[in-house]
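K.L.:
Here are the chains, one letter per residue:
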Amino acid sequence: EPEVTQTPSHQVTQMGQEVILRCVPISNHLYFYWYRQILGQKVEFLVSFYNNEISEKSEIFDDQFSVERPDGSNFTLKIRSTKLEDSAMYFCASTTYNNEQFFGPGTRLTVL
Amino acid sequence: DAKTTQPPSMDCAEGRAANLPCNHSTISGNEYVYWYRQIHSQGPQYIIHGLKNNETNEMASLIITEDRKSSTLILPHATLRDTAVYYCIVRAVNNAGNMLTFGGGTRLMVKP
Numbered sequence: 052e053p054e055v056t057q058t059p060s061h062q063v064t065q066m067g068q069e070v071i072l073r074c075v076p077i078s079n080h081l082y083f084y085w086y087r088q089i090l091g092q093k094v095e096f097l098v099s100f101y102n103n104e105i106s107e108k109s110e111i112f113d114d115q116f117s118v119e120r121p122d123g124s125n126f127t128l129k130i131r132s133t134k135l136e137d138s139a140m141y142f143c144a145s146t147t148y149n150n151e152q153f154f155g156p157g158t159r160l161t162v163l
Numbered sequence: 002d003a004k005t006t007q008p009p010s011m012d013c014a015e016g017r018a019a020n021l022p023c024n025h026s027t028i029s030g031n032e033y034v035y036w037y038r039q040i041h042s043q044g045p046q047y048i049i050h051g052l053k054n055n056e057t058n059e060m061a062s063l064i065i066t067e068d069r070k071s072s073t074l075i076l077p078h079a080t081l082r083d084t085a086v087y088y089c090i091v092r093a094v095n096n097a098g099n100m101l102t103f104g105g106g107t108r109l110m111v112k113p
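Heads up: the sequence lines are chains A and B, in that order.
Last residue of the first sequence: number 163 in the numbering used here, and the count goes up by one each step with no gaps.
Last residue of the second sequence: number 113 in the numbering used here, and the count goes up by one each step with no gaps.
Note that these hints are calculated values from the structure, not bench results.
Every residue, glycine too, gets a C-beta built ideally from N, C-alpha and C.
Some hints could be false.
[Unchecked claim] Distance windows between CB atoms, simulated:
(1) Ile105(A) / Ala14(B): 42 to 48 Å
(2) Glu52(A) / Gly105(B): 28 to 34 Å
(3) Thr58(A) / Lys70(B): 40 to 46 Å
(4) His41(B) / Glu54(A): 16 to 22 Å
Chain A extracted, bound-state conformation (with noise of 0.2 Å):
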């Protein structure tokens, strides 16, 4: 069955620092997103993907976070200079139009 996958699984990293989350979404999805959730509280939506634009964004999503879709299967998130509150499990989505969103396992960021 086909999966979102995510890597690193886990990522730790110093404050101020750039990180780059990676994910590879279902090969034939069309929409991409990124959640996150910090350790005890909700998930919370980052931002939508789709036709090589983002689509939403949250208040979250500020200019610090940026995504692209580098070649045909990566979809990345990356944080320009980290802080401790950006500590929190990421998730990557994706879907083709049938709104059934497919969740990769995650990567755990630390910032230190």
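Since the structure of chain A is already known, use the hints to place chain B on it.
P.N.:
Just chain B now, kept in the frame of chain A:
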């Protein structure tokens, strides 16, 4: 998207049916009811969705009241692996780019 209300936690005996309620009294005519679950620290997993008719798949059944103001997710024979947080989400289906808005969900504990 309409707001949903779910009990924060429920217990269920292994092998018995788990019935998880959700209130969505402000649901509008073009909004579907979606259920996802999140097993500890994993990515959310799609379970089922419906508009007004009852739905069943290999994982669960979804019962939606005639006025569509509430619904119940039924896991017919709960197992220990069904222990998870279950999220009821209401959203319009016509735009696949729409994000999912997760609330607190119901933490289901299946006990031996």
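K.L.:
All the hints need checking, so say for each whether the structure fits it.
P.N.:
The hints, checked one at a time:
Under the hint 42 to 48 Å, the C-beta atoms of Ile105(A) and Ala14(B), about 46 Å apart, fit the expected range. Separated by about 29 Å at the C-beta atoms, Glu52(A) and Gly105(B) satisfy the suggested range of 28 to 34 Å. Range check, Thr58(A) to Lys70(B): Cβ separation about 43 Å, and the 40 to 46 Å hint holds. Between His41(B) and Glu54(A) the beta carbons are some 18 Å apart, a value that agrees with the proposed interval 16 to 22 Å.
Checked against the numbered hints above, the structure violates none of them.
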